Amino acid sequence: MKRLFAIAAAVVVIAAGVYLALPRGQGAASADAAIKSSWATAAPEWQARLLQDETQKVCSQYRNVPPKAVAEAIMAREKATIVYPADGKLMGDWKKGEVLAQSGYGGRFTDYPPRAENGGNCYACHQLDAKELSFGTLGPSLFEYGKNRKFAEAEVKAVYERIYNPQAAIPCGNMPRLGASKFLSVEQIKDLVALLMSPESPVNK
Amino acid sequence: MPRRLSLALLLLSLLAFTAPAAAVDETEKELEKYRQMLKADPWSNPGLLDADRGEALWKQQRGPKNVSLEQCDLGKGPGKVEGAFAELPRYFKDADRVLDLESRLVWCMETLQGLARAEIVKRPYSKANQAGTELEALATYVAFKSNGLTYTPRLEHTKEKEALALGETLFFRRQGPMDFACATCHGDTAKRIRLQALPYLSKPEEARAVVGEWPAYRVSQGTVMTMQHRIADCYWQMRLPLIDYGSDVTVALTMYLVNQAKGGAITAPAIKR
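Protein chains in written order, with the working numbering: chain A, 27 to 231; chain B, 76 to 348.
None of these hints come from the bench; they were simulated from the model.
Be aware that one or more of the hints could be misleading.
What the hints assert, rightly or not - Computed, partial: chain B to chain A, Cβ under 8 Å:
| no. | residue |
| --- | --- |
| 1 | L241 |
| 2 | T244 |
| 3 | R248 |
| 4 | R249 |
| 5 | G251 |
| 6 | D254 |
| 7 | K266 |
| 8 | R267 |
| 9 | W311 |
| 10 | I318 |
| 11 | A327 |
Quick caveat: nothing in here was measured; it's all calculated off a predicted structure.
Even for Gly, the Cβ is constructed at its ideal location relative to N, Cα and C.
I would like the entire structure built from these sequences, with the hints used as guidance.
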């Protein structure tokens with residue numbers, strides 16, 4: 027009986043120690059408080075950007091490796107945000123797409139009032155046209171993207187969705203949800219789809 | 076002074092690179108040449124002009140109380156500047172807060188010299204090709220007084236441990252219209268934005284190589300940039316509003332970074348792109 031009590035006491039002590047050593051839940055709460063106080067002088071209309079939506083919250087919590095059930099919930103929620111072009115045409119103008127892919131303009135506090143349309147800034151993270159040597163490597167190379175997919179119809183829709191809201195396919199992936207956040211318009215996304223999927227696009231040459 | 080002249084010409088030639096494609100390799104090569112020349116003559120580092128100016132400011136009697144900062148306690152006792160930066164951020168009993176170098180400087184200017192906080196932090200960062208601000212000069216001076224030492228962060232006080240845990244949480248926290256966290260760009264090895272290489276800051280080897288470089292002299296800006304500014308600039312890129320100078324968030328992230336860089340050499344003011 028005494029031994030049993032000692033074991034039970036040890037278990038409680040160890041469990042309490044493990045619990046105290048984990049900063050998690052408390053970490054998120056103190057982060058919220060710290061964020062609020064650290065942008066105290068920011069304009070109220072900007073403060074909203076500091077708040078996390080559910081997807082940002084869980085991706086932060088799981089450091090981008092969500093358990094299966096959480097991942098499925100993210101994909102379902104994000105898929106529901108995707109809006110398709112009214113006319114059903116998913117491909118725009120690849121030339122406009124290339125301009126968008128080059129532009130990193132938009133969304134910074136120094137970008138207001140807007141002096142240009144928001145850019146997609148694709149080259150910051152991806153290789154596209156092989157002639158552009160200044161490309162980043164945070165995302166995979168998209169050179170010959172359409173060619174590699176045989177310009178298939180289904181792939182056109184898939185890539186539209188991947189640009190509009192990549193988390194519908196890759197929960198907690200690094201790429202911004204450019205359509206869902208309204209950073210890019212449906213028309214702009216169509217132009218980017220053309221840049222990737224049009225046989226005439228330099229991406230596929 | 077032919078060496079200074081050649082350094083100046085080298086600087087100009089660096090700034091002249093506009094075609095980004097070929098530029099990075101070339102810029103890196105030129106930067107490397109520059110670093111070699113600095114090794115041969117460390118006193119030709121343009122960041123040291125700010126350190127000198129910072130030392131003069133440190134000793135100058137200023138503010139409503141007309142005193143210098145020489146009695147400022149940076150953690151190792153009043154007036155002790157040597158080695159202080161290597162142990163920052165740390166908990167300060169008088170402020171009952173964990174402070175980094177820059178927030179401690181503000182605290183000393185406020186309490187010792189009687190300057191108004193709002194005035195001190197009104198313009199903390201210089202713009203390209205401007206002289207460094209007073210805070211930049213002071214921070215460069217104090218950091219330079221730890222040049223050659225290694226980071227030995229303290230984790231004794233509960234608030235120091237809390238600051239580290241908060242910094243780690245913040246490093247992985249995604250927010251804003253782009254869903255970015257610090258870890259989005261600094262969470263993997265050998266990645267780059269366009270041609271700019273990105274350090275993997277959660278990996279001690281990579282953190283040790285870069286964290287101790289700040290405050291750094293940025294060749295492209297012609298001015299020194301402090302860690303507060305470096306972090307504020309990252310949040311700007313993340314499309315968040317301008318973060319307050321010396322905030323809990325920037326101090327906690329600095330705490331996280333110096334702990335990742337523990338044992339890494341302090342080379343401030345180093346030369347950066």
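Evaluation of the provided hints:
1. L241: holds (6 Å)
2. T244: It holds, given that the least Cβ distance between B:T244 and chain A is near 4 Å, below 8 Å.
3. R248: Interface hint status for B:R248: holds (5 Å vs cutoff 8 Å).
4. R249: Cβ of B:R249 sits 4 Å from chain A, so the hint holds.
5. G251: Because about 5 Å separates B:G251 from the closest Cβ in chain A, which is inside the 8 Å limit, the hint holds.
6. D254: holds (5 Å)
7. K266: With Cβ-Cβ at 5 Å, under 8 Å, it holds.
8. R267: Cβ of B:R267 sits 5 Å from chain A, so the hint holds.
9. W311: Cβ of B:W311 sits 6 Å from chain A, so the hint holds.
10. I318: Holds. Min distance 6 Å.
11. A327: With a closest approach of 7 Å, the B:A327 hint holds.
In the structure shown, no violation is registered for any of the earlier numbered hints.
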